[in-house]
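Using the hints provided, position chains P and U relative to the given structure of chain X.
Here's the letter readout for the chains.
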Amino acid sequence: MKLNIKDRIFFLWHAPCFLYRDSYPVVINITITMGVNMSLVLENVTKIVEGQTWVSNINMTLEPGSFNVLLGRTLAGKTTLMRLMAGLDKPSEGRIIMNGADVTGKPVRERNLSMVYQQFINYPNLSVFENIASPLRLARMSEKEIKERVYETAKMLRIEPFLNRLPLELSGGQQQRTAMARALVKDAELILFDEPLVNLDYKLREELREELRSLFRQRNCIAVYATTEPNEALALSGNTAVLHEGRLLQHGKTAEVYHRPTSIETAVMFSEPPMNIVKSKVTESEVTFDETVHFQLNKDLNHLTPGMYNLGVRASHIGLVPHADDDLELPVTVDLAEISGSETFLHVRNDHLSLVLHLPGVHEYAVDEKITIYFPTHKLYAFDLQGQLIHAPARISGV
Amino acid sequence: MNKIENNKAWFLVLPVFVLVAFSAIIPLMTVVNYSVQDVFDTNTRYFVGTEWFKAILNDAALQSALMKQFMFSFTTLSIEIPLGIGIALLMPKRGMAASLCLVLIALPLLIPLNVVGTIWQIFTRSDIGLMGWSLREMGVAYNISRNPVDAWATIILMDVWHWTPLIALLCYSGLRSIPEAYYQAARIDRASRWAIFRYIQLPKLTNVLIIGILLRFMDSFMIYAEPFVLTGGGPGSSTTFLSQALTTMAIGQFDVGPAAAFSIIYFLIILAVSWVFYTTIMNMQKEK
Amino acid sequence: MAEIVLNALAHTYSRKPNAPQDYAIRQMNQVWEQGGAYALLGPSGCGKSTLLNIISGLLEPSDGEILFDGVKVNSLPPEERNIAQVFQFPVIYDTMTVFDNLAFPLRNMKTPAHLIQSKVHEIADILELSPLLHKKAKNLTADEKQKVSMGRGLVRDNVSAILFDEPLTVIDPQLKWKLRRKLKQIHDQFNITMIYVTHDQLEAATFADKIAVMYEGQIVQFGSPHELFENPKHTFVGYFIGSPGMNFMNVQLEEQHFVFEDMKLKVPEKILDKIQHLPYESIKLGIRPEFVHVWDKKNDEAYEVDVIDSEDLGTYHIMTFKLRNQLLKARLHEDQRIPKHKAWISFPDQWLKVYVNEYLVEADDE
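First to last, the protein sequences are chains X, P and U.
Residue numbering for the first sequence follows our numbering, beginning at 2 and increasing consecutively.
Residue numbering for the second sequence follows our numbering, beginning at 53 and increasing consecutively.
Residue numbering for the third sequence follows our numbering, beginning at 24 and increasing consecutively.
Since the hints were made in silico from the structure, they are not lab data.
Heads up, none of these hints are tricks.
DSSO-like, lysine-lysine: derived pairs with alpha carbons at most 27 Å apart:
#1 U:LYS345 with X:LYS204
#2 U:LYS365 with X:LYS254
#3 U:LYS199 with X:LYS280
Chain X with its partners taken away, still in its complex shape (with noise of 0.2 Å):
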């Protein structure tokens, strides 16, 4: 569809305060339907630039009203995969396939679909109203249903006090609000989110995943949230996907990728702090990591053929008191305690090995202080020296 004259103004008009391009406002939305009820399907999706693949392969259905988490390191292939979604880039190869229909060439503005950014992007000049009434004024929607939707929406996200003031006006976490609402009041059937919460306080972070979590819940689109964090990855739940180095390592229920990593890359990438990997020898009768530490095969593991293996054991399966009577003790020396308000990331080392702590609780510690930790027998991970999950354990609540 093509836009008209006032519309091509509109845009001319707001045009100079963006920076580049590509952060112009998504509001390109024409038809306005309720009830949608898209599914996305990427088939092998490759896209390589000047001979660097920046995303490899991917193959990903996003089943209609789920929420997905793109999980991944900075250039991981995210915003990639985010941009090959909406249409604003080609894939070299594979398609994309939206409600059955290929939609692998088609622009993005002959899509139904709203985008978030990083930065705080909005329209300075227009007030907050008329920043979230704009892709509805596009719409030529009647000024009575504008104003309902505004209204709804601004609600929901808690900016209904500021809607006369100027975006430049609020402080930040209303500015990301603002854009979250513009791209949340059209019924899009697709809602991009590229890292929205990073420039923000943590506590305002908190605060929006929350909402964000419970919005989604009552909505009938395909949301994507891309982030680098797997704390947020795990407070959005729903789906995640798990990328690295341009590669899917993983695709699933958060809570399942979360707890069975089928991969090593995935268990490391998705846990903060990261699950520690120590280099065992498995034999018929005992368990051996770093050719000091020994310990009784159990049943837990008794299945594992004998052979080399990567244990993975959780940061916060680790204690400075035993859980289990079988727990080893482990003389340690503290790098480092990183202390969050209520929890505390111990990281220690000894000769062979470094381990990292997550600790509920505040335990401070000076650096380089002996400590003694217990590293668990039970709840192990193992990997094949390819990376392979052999064995996960089993849970004893939840999913």
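This is chains P and U only, laid out in the frame that chain X set:
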């Protein structure tokens, strides 16, 4: 699939090719064409090879015009660059004063070239011009149509007045982009005013200065309207610069062939000097 | 080296302040002891940057005084206070080598060349910059640049304090903890007063022995990370420290009880004595989600609540529940079963805090 996309892309840049061809390549080729022929009328012309080039390079008048041209560009640049930096450093940083200052400084840039010449022509007249009259009253013998030194000094003064603001504005914007933290850190490190300039401000100005110097070199090397209006190239030929000599040859005497050869040499000189300057600076930066 | 004292210090940017809100820094007294590792923690707009600028000397306070080792320095510029500062974005001299960067402050003080040599090498060793000494500073990574800007402060013998302004903002997440460790080691080694300004509780609590939490231009609590967590002195500290923050319930005091909606809660005796005769605008009860006890069966001590939501955060669960009309959170161990629909919760006396007019009332500080 990639192939098809690529072909389409080539098709899309075609308009640019056509545009560049019409705006640059075709006119340049006509000049090259003229420079190797002796043209009598539309039907009679002879191929002369490099003859015009030899003649031009051996022409004493043109050699002296070239020398004068280099001297002029060098002198104006070596005054305008430091002066522009100095003005930029002294300008107020924010508020009304900053805006006012910017407008005042930018004013000379808004005046058309031949108007600048006219203004200064009147300015230097000893009967009604402010400067000419004042100097005469003070007993200074000053006459731009008689004394070549006076003529030169006036033209350089005019150019400095006209173009220093450009350098000042470029530097001002460069200086504004330096975060406040740099100055704070320097104060804490007890850096002297000179050290702040040398190690914080100057490095941040390098890029705008390269652009400024290139622009000013090319512009000053092609100067035409102002001296033409102010002195007409005189007294004698003391302020006849290259472009004026070229115009006289091409339009005044209608020596199309030599003028074309002259244009090409002129163009190559500017290109060469700019290129040498640019690559030297870039290499210097890389080595660092 | 210096002890820094803020004496009845206040600052306002307005010419005619008439309300407390006009002050970016409200009147405060604070002592930063010589050799301490301190953090100044608060959300954006709480006044921490203003306070930092007053300490560094970029800003002259409008009221009160600031003393370095007992000497009033209100109007002394930064260069005369002998402080060093590390900024949010690395400030380095691009055109110089790492060596020249580190030597720069010494050269400005006309230090003899052989002393510069030895001092720069000593500091470069400590900061693990030795292999980079002859590299152009421009080509360093962000964490190396931050080390260089810190080094410029450390080379000077007589630095009285080092101020950090969110120095890890631009550092790769994977490298952050190593730099945090370096900072702590340097503090232990040099015994210099260090003040670290940040909005991030992790940065603050990891670095500092004592944290000053700022809110609306005031320091609402000054204490160790442990104290901030277990005994927040102000509701803001409870909310801001810990994720999720403290739960609060608005209550009324009626005779011997706190009344929360239709519930009556017992008031510990010692606290009752203290607040009975206090005029108050609000009383809040606060408890950290970590300390809420949760049962999945009826219990006489416990209140019945509706479970609204539960989140699996990997190493622990957050259960959101409704007590009457108030949403509260509890943090449960990953192995603990989360009750469905109905749960029974209780608040251990030890962890239930009473806040009158937003400030903690303590039972045992008579």
